[in-house]
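Novice: Add chain B to chain A, keeping to what the hints say.
Protein chains in written order, with the numbering used here: chain A, 71 to 481; chain B, 719 to 1020.
Just so you know, these hints were derived from the structure itself, not from any lab.
None of the values given here were measured: they were computed from a predicted structure.
Certain hints may be false.
The list that follows gives simulated cross-link-like pairs (lysine-lysine, DSSO-like), each with its CA atoms no further than 30 angstroms apart [unchecked claim]:
1) A:346 with B:999
2) B:913 with B:939
3) B:886 with B:910
4) B:1014 with B:913
5) B:910 with B:816
6) B:1014 with B:957
7) B:816 with B:901
8) A:346 with B:816
9) A:196 with B:816
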Amino acid sequence: MRIQVFLGLLAGLSLPFAVHADPQNNGNAFNPGIGLVLNGTWGSYPAAAGHRVMPGFMLGDNTGLAPQGFGLGESELDLSSNFDNLFTGFGAISFHENHGQDSTEVELAYLQTIAMPDGFQFTAGKFFSSFGYQNSRHAHVWDFVDQPLAYEAMLNNQYSDPGVQLTWLAPTDTYLLFGAEVFSGDSFPAGGAAHSGNGANTAFMKVSDDLDDSNTWFAGLSYMSARSFDRPSLGDPDPEFSDQSQLDGPFFTGTSNITGVDLVWKWAPHGNFYEKNFIFQFEYLHRNESGTVSPTACPVDSGPCAGGSLYSGSAKGWYVQGAYQWMPQWRFGLRYDRMNSDNTVTGAYQPVQLLGNGFVPKRESAMLDFSNSEFSRIRLQFNRDLSGPVAANEVFLQYIVAMGAHPAHTF
Amino acid sequence: MKLIKLLLIALVASASTPAFAELNVFACEPHWAALVTEIGGSHVSITTATGAYNDPHFIQARPSLISRMRSADLVVCNGADLEVGWLPVLLNQGDNPKVQPGQPGYMDASHDIQLLQVPTRVDRAMGDIHPYGNPHFQTDPRTIGAAAGDLAQRMESLDPSNAAEYQKRYADFKTRWDAAIQKWQQEAAPLKGTKLIGYHDGWVYMANWLGIDFVGFLEPKPGIPPSPGHLADLLGIIKSDGVKGIVYTPYEDEQAPDWLAQRGGIPKALIPDTVGADNDKDLFQFYDLMINQLLKLQGGGK
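Just chain A, with the same shape it has in the complex:
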């Protein structure tokens, strides 16, 4: 019944649908749901912002801002359902539009156990890694239009990959969760390692409790180790923006180890989030990278290839942000991003991306958003972006609307 209603809504009809709801079937409230989230943006910024250049950092292909003007953002079709009494599942197909090219991609597709004893939970498929706090959050619940710089530079915006996850929730009153993940390793910061079956692993621990009925804190410690073989590290390869002389490289072969610390604080008087609330969020990411960089992809997986250089680098990135809802529907937020890097490249090939020692990429952001209901939000955001050699002012207008079934939000 419910499916038909949602399919009807999906068909784009705004006509109401007759529902013969049976109170005895309330358990079905947790069964199959189809939802569509539209997340559109309009942006105004220098054209070069489309191709992120961050001195000192090699970047993945999902970095930089969307093209100026109107864009589809991260619109997605979500499917969620219990498969049976043991497994539940979630799928998300996302829609992109880039320079007139429409594309769809499987953003998420995973199954998860719901009946393992003793607090164990197993997940398999393609999913957002639970590394850090911000990584597993869907784009439509972000407090800002874009991801923090540290996420953009070190995790290619948001790390997801096919893999498995095992978590254990301790039997304590204080929330204490331990977990580990094994990924195929096709996504930045890993790359090209999937042929050996495993290119990225993570381990994480999360702890949280309520201070009183108005305050809740949450802290996490995460670690990721990723292996790369000939990983393209140029950034967004969009030819409209990229410097043609850099199109071929650098390619990175080696390991990236990232440690992350996160701290979140949520406040709402008497826990009454609807009227008023404040969310504070801080994350610090530290990455060590070592291996080789080369101007062209190497044919074999052994040492630096012809024309390559030895590379080792250490990078730090952090951000702090706050979002304050001072009355129902209206929120105001501030964010500050800061990065730095220390790279050593030994050899004739000196990729321009790594020549950033001493440069400190940073960014200041402010946003204002209005939510007419829990299913619609309009946001205005301004960035003073000093992450590259040229300072940029960036303005965004964004809408996020959700129709149909909508999975409940995690903390």
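Specialist: Chain B in isolation, oriented as in the chain A frame:
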């Protein structure tokens, strides 16, 4: 297949063997915590997810609640999608097989109740409506009585060692409850036909029980905050319909009720929709408070 089932049953059983006779109950709302206490006495340990001061639609899926969900033997909620914004996350991440929907350890109390306002059409343009019917049924004490038997049975089967006591306490509660409902109905008799305005459309069960007539709500549509234009419309209704008062809960902003009460020249009353907002320690005191606040609107009450 059979072997797997047996293995799973053994695993679940080993995980749920009580070390001492205590039933861990996760109550979504305080009125269920109060009812569990009536039936369970000192044999239960209760976590309550929401309070009289927060809107049960909109709490955060706090990790501390996930931990309590993990160790729960029984989950009791209004259901009917009232908790749809957070309960599914707690059930999923709490990862406790005993309390998943369909298990005896998961009680959706709306199954015991004839829901009102079941919409014949569903469209989110109508606001944040509930497709299964209005879930705020605890404003009618008869619904608590209707769910109490179900709750007692579940507690008896989940904790057989104390079943006799649960049965006895339930019977005792039921007698006192039926008498109290009679008393409240007598006290509230003058309220019959009274016209009121509410904040959120969460009073239909109370209205139905006491014969009160809600002629409007501050929210133009469920979940959408009051707007100046809508308040002006309500002002017109107050004048034309002879509205006696405005009713709002502790988790609703009092600015709009204040404004409307002043402009309309009628009283407003803060009426909690669950236990624990004031000095009310149990279900009996909660409904005493509700009736008293309603009577005050008519110049009665204490």
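Novice: With reference to the structure, classify each hint as holding or not holding.
Specialist: Going through the hints against the structure:
1. A:346 with B:999: 27 angstroms, holds
2. B:913 with B:939: 19 angstroms, holds
3. B:886 with B:910: Between residue 886 (chain B) and residue 910 (chain B) the Cα gap is close to 36 angstroms, so the pair fails against 30 angstroms, i.e. violated.
4. B:1014 with B:913: 14 angstroms, holds
5. B:910 with B:816: Violated, at roughly 44 angstroms.
6. B:1014 with B:957: 20 angstroms, holds
7. B:816 with B:901: Given that 30 angstroms is the threshold and the Cα spacing comes to 39 angstroms, the pair is violated.
8. A:346 with B:816: Between residue 346 (chain A) and residue 816 (chain B) the Cα gap is close to 35 angstroms, so the pair fails against 30 angstroms, i.e. violated.
9. A:196 with B:816: Status holds; Cα separation ~28 angstroms.
In terms of the numbered hints stated before, the structure departs from hints 3, 5, 7, 8, listed from lowest to highest.
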